[in-house]
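*Asks:* Residue numbers (the working numbering), protein chains in the order written: chain L, 477 to 562; chain Z, 477 to 562; chain S, 477 to 562; chain D, 477 to 562; chain W, 477 to 562.
In case anyone wonders, no lab produced these hints; they're calculated from the structure. Note that the coordinates shown come from a computational prediction; the quantities given were computed from them, not determined experimentally. A portion of the hints provided could be inaccurate.
Copies of the same chain look alike in the list, so a pair counts if it works inside one copy or between any two.
[Unchecked claim] List of simulated lysine to aspartate or glutamate pairs, EDC-like, C-alpha gap at most 16 Å:
no., residue 1, residue 2
1, K510, E528
2, K499, D558
3, K545, D520
4, K499, D520
5, K545, E507
6, K499, E559
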Amino acid sequence: MILGRVYGSVVSTHKLQSLVGSKFMLVQCIENNKLLDKYLVAVDGVGAGIGEDVIIAQGSSARMGMSDKNAPVDALIVGILDEKQV
Amino acid sequence: MILGRVYGSVVSTHKLQSLVGSKFMLVQCIENNKLLDKYLVAVDGVGAGIGEDVIIAQGSSARMGMSDKNAPVDALIVGILDEKQV
Amino acid sequence: MILGRVYGSVVSTHKLQSLVGSKFMLVQCIENNKLLDKYLVAVDGVGAGIGEDVIIAQGSSARMGMSDKNAPVDALIVGILDEKQV
Amino acid sequence: MILGRVYGSVVSTHKLQSLVGSKFMLVQCIENNKLLDKYLVAVDGVGAGIGEDVIIAQGSSARMGMSDKNAPVDALIVGILDEKQV
Amino acid sequence: MILGRVYGSVVSTHKLQSLVGSKFMLVQCIENNKLLDKYLVAVDGVGAGIGEDVIIAQGSSARMGMSDKNAPVDALIVGILDEKQV
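Construct the complete structure from the given sequences, taking the supplied hints into account.
*Replies:* Pasting the structure below:
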């Protein structure tokens with residue numbers, strides 16, 4: 477999994493039927509407490525809000541966290557970060 | 477998922493039978509509102525036109541959005557971008 | 477697989493139900509005996525401790541090492557490194 | 477999918493039984509009409525020749541284009557490029 | 477697939493049960509006849525020795541070449557390289 481910060485969302489009226497109801501969040505990747513110049517779009521699986529740091533699963537594992545395991549989704553917010561213990 | 481801008485298409489007469497009927501679009505990747513020097517080929521799942529910004533699913537999740545879930549496709553345009561809310 | 481060193485963990489109270497009980501470790505990647513400026517979050521499958529060097533499987537293969545093979549997990553610590561023979 | 481140019485092949489006498497009969501092509505990746513300093517090995521699914529530009533599917537989607545969908549193959553030439561329309 | 481040179485192995489006493497018996501090889505990646513500053517760990521599927529150049533399958537396709545297709549393995553040596561024809 478990777479860590480990231482939610483900074484927005486994208487709206488798509490014209491999309492595959494299997495994606496209706498999914499919320500697409502804009503996420504900036506975080507590594508070692510630093511925001512990277514690396515961004516992706518992840519479906520929100522946990523009700524994450526703008527500015528929150530989240531855990532993201534990618535690839536087929538993202539689909540496994542959806543109610544429809546065959547959804548064409550390759551990145552899913554699976555948890556909201558409380559704290560890091562280093 | 478990643479964002480990208482459709483800028484063309486590719487024609488392949490000689491291809492696997494399971495790909496006949498699929499339209500292959502040339503896409504330039506977008507991150508943080510910037511066009512990147514990064515390009516890929518994605519099957520069009522939503523009728524995207526040249527110049528439109530789209531959402532792309534990759535890996536096995538791309539196949540899940542095809543009518544044939546066993547199609548040898550690893551990138552699919554799953555939505556057309558209306559707007560970003562940041 | 478890749479090698480990495482465990483340097484912490486992350487706490488997420490609000491996460492997908494299928495992830496309850498999984499321990500999320502912060503891992504710094506290692507290649508050729510050097511710690512890289514590359515980090516990821518992996519579920520601990522073997523009881524790895526802070527400071528230990530581990531073997532990590534990624535993608536759908538990570539899920540295959542979980543008791544729930546449909547868990548939305550894309551990185552799993554599958555072994556603790558004893559030694560490298562070069 | 478990605479684009480690439482076939483520039484050779486590799487011979488492996490000692491390989492997994494499930495790969496006997498597969499032809500392994502050396503491919504140089506192409507993005508935006510430029511040959512990149514990036515190379516991979518792809519199984520030939522369409523009878524591509526040296527010097528031809530091809531479309532390559534990666535990951536599990538590559539296997540889906542093989543007669544044996546469980547072949548340990550992660551890159552497959554799925555089409556020969558006729559032309560690009562930009 | 478990618479090419480690489482086997483330069484060592486790793487020993488892990490404490491690992492997932494499904495990995496017992498698998499040999500983990502240290503591999504340095506090769507592209508265009510050059511050894512790269514890029515390294516990974518791959519399970520040996522063909523009896524590769526130190527110093528040999530090999531073909532590696534990654535992702536779920538690696539598992540497909542294992543006797544246990546659900547093994548948590550994301551990189552497998554699937555062939556030993558005899559020669560390259562360019």
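*Asks:* Under a CA distance limit of 16 Å, which applies to K499 and D558: within one copy, between copies, both, or neither?
*Replies:* between (22 Å within a copy, 14 Å between copies)
*Asks:* At most 16 Å between CA atoms: does that hold for K499 and E559 within a copy, between copies, both, or neither?
*Replies:* Answer is between: at 13 Å across copies they meet the 16 Å cutoff, but 24 Å inside does not.
*Asks:* Cα distance capped at 16 Å. Does K510 pair with E528 within a copy, between copies, both, or neither?
*Replies:* Cα proximity of K510 and E528: one copy only (14 Å, versus 23 Å across).
*Asks:* Using 16 Å as the alpha-carbon threshold, which applies to K499 and D520: within, between, both, or neither?
*Replies:* within (6 Å within a copy, 21 Å between copies)
*Asks:* My question is about K545 and D520: at a cut-off of 16 Å on alpha-carbon distance, are they close within one copy, between copies, both, or neither?
*Replies:* within (15 Å within a copy, 21 Å between copies)
*Asks:* How do K545 and E507 come out at 16 Å by Cα distance, when the copy is not named: within, between, both, or neither?
*Replies:* neither (28 Å within a copy, 27 Å between copies)
Taken one by one, the earlier hints fail for this structure only at number 5.
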